[in-house]
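Here the protein sequences line up with chains R and B, keeping their order. Following my numbering, the numbering of the first sequence begins with 1 at its first residue and continues without gaps. Following my numbering, the numbering of the second sequence begins with 1 at its first residue and continues without gaps.
Because the hints were derived from the structure by calculation, they are not lab data. C-beta atoms are modelled at their ideal positions from N, C-alpha and C, and glycine is treated no differently. Nothing false has been slipped in among the hints.
To be clear about the criterion: a stretch of chain B counts as covered by chain R if any three or more of its residues have a C-beta under 8 Å from a C-beta of chain R, and this derived list gives those stretches:
| # | region |
| --- | --- |
| 1 | 9 to 20 |
| 2 | 51 to 58 |
| 3 | 63 to 69 |
| 4 | 148 to 155 |
Derived DEER-like restraints, expressed as beta-carbon distance ranges:
| # | chain 1 | residue 1 | chain 2 | residue 2 | range |
| --- | --- | --- | --- | --- | --- |
| 5 | R | Ala166 | B | Ala277 | 51 to 59 Å |
| 6 | B | Tyr310 | R | Glu59 | 29 to 37 Å |
| 7 | B | Gly267 | R | Arg61 | 25 to 33 Å |
| 8 | R | Ala166 | B | Glu117 | 41 to 49 Å |
| 9 | R | Asp97 | B | Gly126 | 38 to 46 Å |
| 10 | B | Ala26 | R | Lys154 | 20 to 28 Å |
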Amino acid sequence: MSPPDLSQQHAVHTLYQEHHSWLCGWLRKKLGCVENAADLAQDTFVRVMTQRKAPELREPRAYLSTVARSLMIDMFRRRGLEQAYLEALMALPEPVDVSPETRALIIETLMRIDTLLDGLGGRTREIFLLAQLDGLSYVEIGRRLQVSVNTVKKHAVRALTHCLLALED
Amino acid sequence: MAQPQALDYATLEAAARWYVDLRGEARNEALHEAHRRWLEHDSRNVLAWERMGRLQATFDQAPAGLARPALNGARAKRREVLKLLSLLLASGCVGSLAWRTTPLPTLVADQRTATGERRRVRLDDGSQLQLNTATALNIRYSDSLRELQLLSGELLVETARDALARPFVVHTAQGSVRALGTRFIVRSEAGTSSVSVQQHAVEVRPADLPGAVLRVEAGQQLSFADDRLGTLQPAAPYADAWTRGMLLVSDRSLGEFIAELQRYRPGHLGCDPAVAALRISGAFQLRDLDTVLDNLTTTLPVRISRLSRYWTRVEPA
Chain R
1 MSPPDLSQQH AVHTLYQEHH SWLCGWLRKK LGCVENAADL AQDTFVRVMT
51 QRKAPELREP RAYLSTVARS LMIDMFRRRG LEQAYLEALM ALPEPVDVSP
101 ETRALIIETL MRIDTLLDGL GGRTREIFLL AQLDGLSYVE IGRRLQVSVN
151 TVKKHAVRAL THCLLALED
Chain B
1 MAQPQALDYA TLEAAARWYV DLRGEARNEA LHEAHRRWLE HDSRNVLAWE
51 RMGRLQATFD QAPAGLARPA LNGARAKRRE VLKLLSLLLA SGCVGSLAWR
101 TTPLPTLVAD QRTATGERRR VRLDDGSQLQ LNTATALNIR YSDSLRELQL
151 LSGELLVETA RDALARPFVV HTAQGSVRAL GTRFIVRSEA GTSSVSVQQH
201 AVEVRPADLP GAVLRVEAGQ QLSFADDRLG TLQPAAPYAD AWTRGMLLVS
251 DRSLGEFIAE LQRYRPGHLG CDPAVAALRI SGAFQLRDLD TVLDNLTTTL
301 PVRISRLSRY WTRVEPA
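The following block holds chain B by itself, in its conformation from the complex (with noise of 0.2 Å):
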């Protein structure tokens, strides 16, 4: 999402003044040739003349002859409230015609899972999702998009052909991803987005770093924040173990592993400094996540300390 650029005051007071005296001014040589030099002095001020030429457009959609008077009917009417309130009750339910062909993206779905939840999804078009543990969407397909929204946690998403050929992305809070391909991950935290492709590419653009995109290749994948963009890595091999009910590390610390496992099981699970360094690989089911801690036990130099059925640490043995 491209953010608007910030353009004070004085510029587009400065455009504003432009605009009007080229008004009618058409073969002022001299005129124009001032007003080339202005749009060279800053860039702000191209920005401020586009800006000036969407409004200049607005104004043309107007209907000639019929705006004005429209414009200023509705807004005598508007002083009369009482007047108004009785349009409104007149018109009823079934005369809410107009107010319904807003174009407002329409909430189709919203998708949900619980922690330790996994959950697939086919949507309209035969695109299939899967949601991982505690994972939150939108889901809002439009005559022109389909969009998803990823509130929290985790999709592995499939797209399938679109018969409208409508575009495919996913926004997170730090930006979106574009499908142009088939299948890819992309997982929201706290601060940073991330995705992960294995089949065909997207396109990751940040939510505050206007015009920046990047391409991510299958057997790739990047984090990204709402205004930066990371180095593309290699994708960690087995990404979507997730949705086989597996947990696969290679060469991790403890500490980034029990953070993962945190994600998926309700309740505290912390891990000590002392301990969080040592290194940890293999395959970890995630549907039993307690014998997934005490066998941590046998492996290396730590023990399991429970509090409560909430609060759970991983301490040096």
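Bound-form chain R, shown alone (with noise of 0.2 Å):
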């Protein structure tokens, strides 16, 4: 007599039961704040959910805390994100109006850019972003960072390729 096979979403479910006030605790200690808690813990349980993985249940606060923490890093990269573009926009010799909404989907494109990025060489980055982001020929580049024409193709390939792999989902 064996329990009926519990199906990974099930497990899920079982996780959140189990373990959702705990992992509110985790949080609370990490952030310092309830809310911002409660918030993170009910996002950890949506990306588990969406994930489709099967949980590791010999360790599921091991497997919680790591989500958690990746989403951690998410919002301390957005809120660098906001600072640092906010910071930019007052760098600007005209004051510039943008709407909260522009702003939101300014900083989504922001971190999807910046996780793309994640891992690249600083080289790399920069003649990839010259390129990308500033339009820069490769010819302009390599002058401005006296380097060959065919060094600048090369990172920019490998930055390309890269983000690419990244894109996956």
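Two independent chains are provided; combine them into the complex using the hints.
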């Protein structure tokens, strides 16, 4: 008499019931804020559900805290980007009025790009951003950074391939 | 849910190289011709090039002149962990607005029934659900979609007309069922899902078969796995009898019948293979399954063996 196999989603549900309040407590300690902790805990379970991966049931709390940690990193990333974007806005010679909606969309785009760039070396990253975001030609980039056009192209191919691989989902 | 095609490194790198080579070469006909040949050479090349298009689209959305300083500024900040921490502390709970705008799907509610329990649920848009025994689901309504995630068990859906005209989709581990009408049943079991349509139609999409879709009309049923669509069958009559607390079977094997009863009853309920092929028809009350089992002994050559409250077996008489 073996119990019926629990589907992975079923497992997620059990996970929720058994560990939700523990996760809230864990996040509260990390963040020092009840409201953020509750939001992050909820988003952690949403992430677990949408990933459709069998949770590591032997260590459910380690699994949940790994997911929560990556969401916390996203939160730090978003705040850092928003701050940096506002600073870039303020550094413009002319004041620019950006609506909150537009700003949220821009931050989302920057989040996506920033995540794609994770793991790229500093030089590759800079060459790539000069080409893709500032629209400089490879010749101009080579002149500016004092390297050959071929070198610039090599870095660009490497960065693009890196992003294409990361774009999988 | 369409699965992303797995593209290998070499193909993606080739796409990246084409992108770099073509940049600033709008008038180089020979190069464009060679690129066309590369695309036609292999369908994966086309997929890689499409992915390149999506990457380009992402960068196109970035604000010119601001994106690079913002990204570099954020990166410099990230190196200074302490500074970042102070940023977090300074922003506190109230300043977390940007974080809150995350378009993560919101979990609105969880619904669950115990073994033997049934429940009606009314959703925000007026749609009605009936949950059969041992059923668990999540409800996710967003601005663009009405989504249910059936984790286990069985569900009857009666969709209401939505003011926002949002599609109504039920996801199971094996795929998705999109409502094109008003009344249908979705059931999720180990490894397979099934849908039985009572009014109008639904569209079924297995999770791991990108592009595969099958329309199931009223009076039809369909089983599907994550990588396989079954064939359309006439719907079992009275597939929704459970909503009235009944189980109706017509010429089923005893083994199948007992497996069905097992769903509604806590503990183990087994059937000896020696009698599993016996045929059975009838209407049974789900609320009193022990009586149902006892009555089997008057119509079939079986006896009910009860070792404990949670261990019951149907055996040859």
